[in-house]
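With the sequences and hints as input, model every part of the structure.
Those protein sequence lines, which keep their order, are chains A and B. Numbering-wise, the UniProt record's numbering puts 186 at position 186 of the first sequence, and it's gapless, one number per residue. Numbering-wise, the UniProt record's numbering puts 279 at position 279 of the second sequence, and it's gapless, one number per residue.
By construction, these hints were calculated from the structure, which means they are not laboratory data. Take these hints with a grain of salt, some might be off.
Subject to a maximum C-alpha distance of 27 Å in a straight line, what follows is the list of computed DSS-like cross-link-like pairs (lysine-lysine) [claimed, not checked]:
| id | chain 1 | residue 1 | chain 2 | residue 2 |
| --- | --- | --- | --- | --- |
| 1 | B | LYS242 | A | LYS155 |
| 2 | A | LYS127 | B | LYS113 |
| 3 | B | LYS167 | A | LYS392 |
| 4 | A | LYS385 | B | LYS287 |
| 5 | A | LYS286 | B | LYS113 |
| 6 | A | LYS127 | B | LYS223 |
| 7 | A | LYS392 | B | LYS287 |
| 8 | A | LYS65 | A | LYS155 |
| 9 | A | LYS65 | A | LYS286 |
| 10 | A | LYS127 | A | LYS60 |
| 11 | B | LYS63 | B | LYS7 |
| 12 | A | LYS60 | A | LYS224 |
| 13 | A | LYS286 | A | LYS236 |
| 14 | B | LYS242 | A | LYS60 |
| 15 | B | LYS167 | A | LYS286 |
| 16 | A | LYS127 | B | LYS109 |
| 17 | B | LYS265 | A | LYS385 |
| 18 | A | LYS224 | B | LYS287 |
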Amino acid sequence: MNIHEYQGKEILKNYGVRIQEGIVVRNPDQAVEAAKRLTAETGTGWHVVKAQIHAGGRGKGGGVKLAKNLDQVREHANAILGMNLVTHQTGPEGRTVHKVLIAQDVYYPGPSEPKEYYLSILLDRAKGRNVIMASTEGGMDIEEVAEHSPEKILKEWIDPRVGLQPFQARKVAFNLGLEGEAFKEMVKFIQALYRAYEDTDASQFEINPVLKTSDNKILAVDAKVNLDDNALYRHKTFEDLRDFNEEDPLEVEASAHNLNYVKLDGNVGCMVNGAGLAMATMDIIKLSGGEPANFLDVGGSANAQTVEAGFRIILKDPNVKAILINIFGGIVRCDRVASGVVEAYKNIGDIQVPIIVRLQGTNAEEGARIIDESGLKVYSAVLLKDAADRVKEVLA
Amino acid sequence: MSVLVNKDSKVIVQGFTGSEGSFHAQQMIEYGTNLVGGVTPGKGGSSHLDRPVFNTVAEAVQKTGANVSIIFVPPAFAADAIMEAADAGIKVIVAITEGIPTKDMIFAKEYIKNFDVTLIGPNCPGVITPGEAKVGIMPGFVFEPGRIGIVSKSGTLTYEAADQIVKAGLGISTAIGIGGDPIIGTPTKDAVELLMNDPETDAIVMIGEIGGNYEAVASEYIKSTGNKKPVVGFIAGQTAPKGRRMGHAGAIIGGADDTAAAKMKIMRESGIYVVESPANIGETMLKALKGEPISA
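Here it is as structure tokens:
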């Protein structure tokens with residue numbers, strides 16, 4: 001599960017990770033109030049107005065602005081709230097901004113120069129261990145750093161039997177070139193961050209940038225926090241962090257039906273049992289000259305109810321010109337699935353797009369017969385090749 | 001020989017009396033798997049599906065001589081069940097459960113390193129040696145016996161591959177569903193290696209998907225054997241967008257190496273017969289067995 005910067009920072013703060021303080025607001029009046037409060041609490045003179053959406057690259061897209069007085073706080077909040085923010089991660093359609101974070105200015109002048117760093121924690125799948133990645137190239141896209149100067153990325157793997165050891169945190173801090181008070185602060189920062197990661201069942205923390213302030217404090221200026229969906233049952237309070245505004249409405253509807261659906265922007269919808277076969281079906285659509293409109297795994301029990309719910313969701317996507325249903329019947333019998341398709345089709349009534357049903361496995365021939373004899377505008381196929389050919393035909 | 005499971009395997013079911021466990025235990029018994037009992041804590045001493053129920057895996061091993069366990073325990077308790085099986089001396093653990101927290105699996109995988117055990121899964125369809133033993137949830141009839149091994153991250157796509165292999169007039173030695181989670185017990189390379197060294201396997205189908213580096217590591221291994229046996233490969237998710245989880249917890253494109261294109265490239269460079277369409281697995285295997293050049 002993805003969460004917002006302000007939510008991630010709140011979690012970090014609870015674990016003793018120093019953060020750039022801020023207050024999340026929904027309108028310009030609240031923004032001004034928040035700015036006043038922050039000045040009273042932190043002494044900050046300037047403020048940063050930061051769009052809260054689940055995507056990176058907000059600054060470049062115009063979603064992060066520095067305000068040097070309260071009028072500018074109002075002005076920027078007014079401009080950013082409600083804007084359609086387009087970044088390299090939102091896609092061309094962008095994302096509407098519903099909330100902004102009013103944050104303290106942490107780049108104030110002082111005895112030393114502020115400096116930005118990069119820190120992340122994630123699972124190294126190859127090693128089966130968590131890894132801390134750090135770099136002096138703060139504020140940059142880490143993938144670019146990895147490509148052009150991989151030697152600038154430090155990695156420290158965590159032994160699950162003993163967890164993060166103090167020497168590892170010191171190693172990272174030293175290798176980032178820190179010394180004195182800033183070094184001690186960084187060691188504490190890394191240890192607190194890792195504790196937070198473990199305790200919350202996170203699947204990724206990316207703190208970019210981590211800032212050494214001019215008075216040698218270390219703090220998180222941004223926080224990208226991903227939580228392990230499989231572990232949410234252990235953290236009931238995290239349910240409230242889900243922001244439906246950030247999700248495609250069709251995906252929200254699908255999840256209510258326990259369907260695993262991802263909206264894409266192609267023209268051929270698909271409905272499949274099993275995640276691997278669902279991806280393979282998308283690939284077949286592409287090879288047949290179409291573009292997949294979605295990923296949809298109906299899971300092990302493809303019955304009339306799930307098929308109907310799937311149909312309804314796919315049909316709400318106006319780009320869909322055809323639908324390919326691909327079911328490999330194992331435990332679930334193809335004749336049952338076929339009856340389910342026919343029933344769902346009749347329940348929905350007026351379906352304007354051609355439907356190709358490919359049933360394979362248990363009772364496949366009987367399933368195909370049920371489809372063929374239904375009198376509906378549905379094409380049946382048994383072999384995957386035939387299904388691909390049908391897709392080509394209906395798109396031609 | 002075949003690999004992992006055969007007619008001599010003594011199989012127990014963890015989560016035996018639950019609905020999933022019961023249903024699939026019945027299916028496995030009907031298939032002919034030598035299912036010797038099951039474990040449900042608190043129900044020891046009773047009988048289920050004409051098989052004894054034990055409170056602990058240790059007791060089940062002691063009383064039945066079980067050496068293989070299949071796990072249907074719910075996600076919150078599944079990592080614990082894996083560790084219990086390893087501790088009791090089980091040699092092959094097949095974890096079907098989907099949705100185990102990653103943190104639990106990091107610990108479980110580390111823990112079982114202390115034992116002589118192979119973990120298959122989690123989040124997998126299991127293992128089948130056709131005609132001998134089915135330790136999984138796959139439809140047994142699809143898998144005719146033969147000499148082609150299958151390694152796959154996916155469930156239904158494995159059935160699809162097996163079906164094409166059978167329709168091509170061939171059969172399966174052992175099919176290993178390794179699972180679609182970020183952390184699994186037996187990565188692609190280890191499963192391929194088992195089949196490479198199996199005298200009853202002539203060729204291998206290797207099915208991967210986006211995310212992680214397992215297929216790349218397996219490709220390097222295959223090349224290092226001098227392509228001892230032909231391998232037909234497919235990667236699902238050529239059309240998957242970046243950063244979105246496609247059903248399986250592990251199926252997500254983070255970096256450039258996670259993409260289907262990157263994996264297929266390495267596979268081709270390693271002498272694997274790569275199919276772009278999953279519809280061509282069977283016919284490509286026939287070409288591969290004839291030693292036809294790789295072009296597809």
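#### Entry: Numbers of unmet hints, in rising order
5, 8, 9, 10, 13, 18
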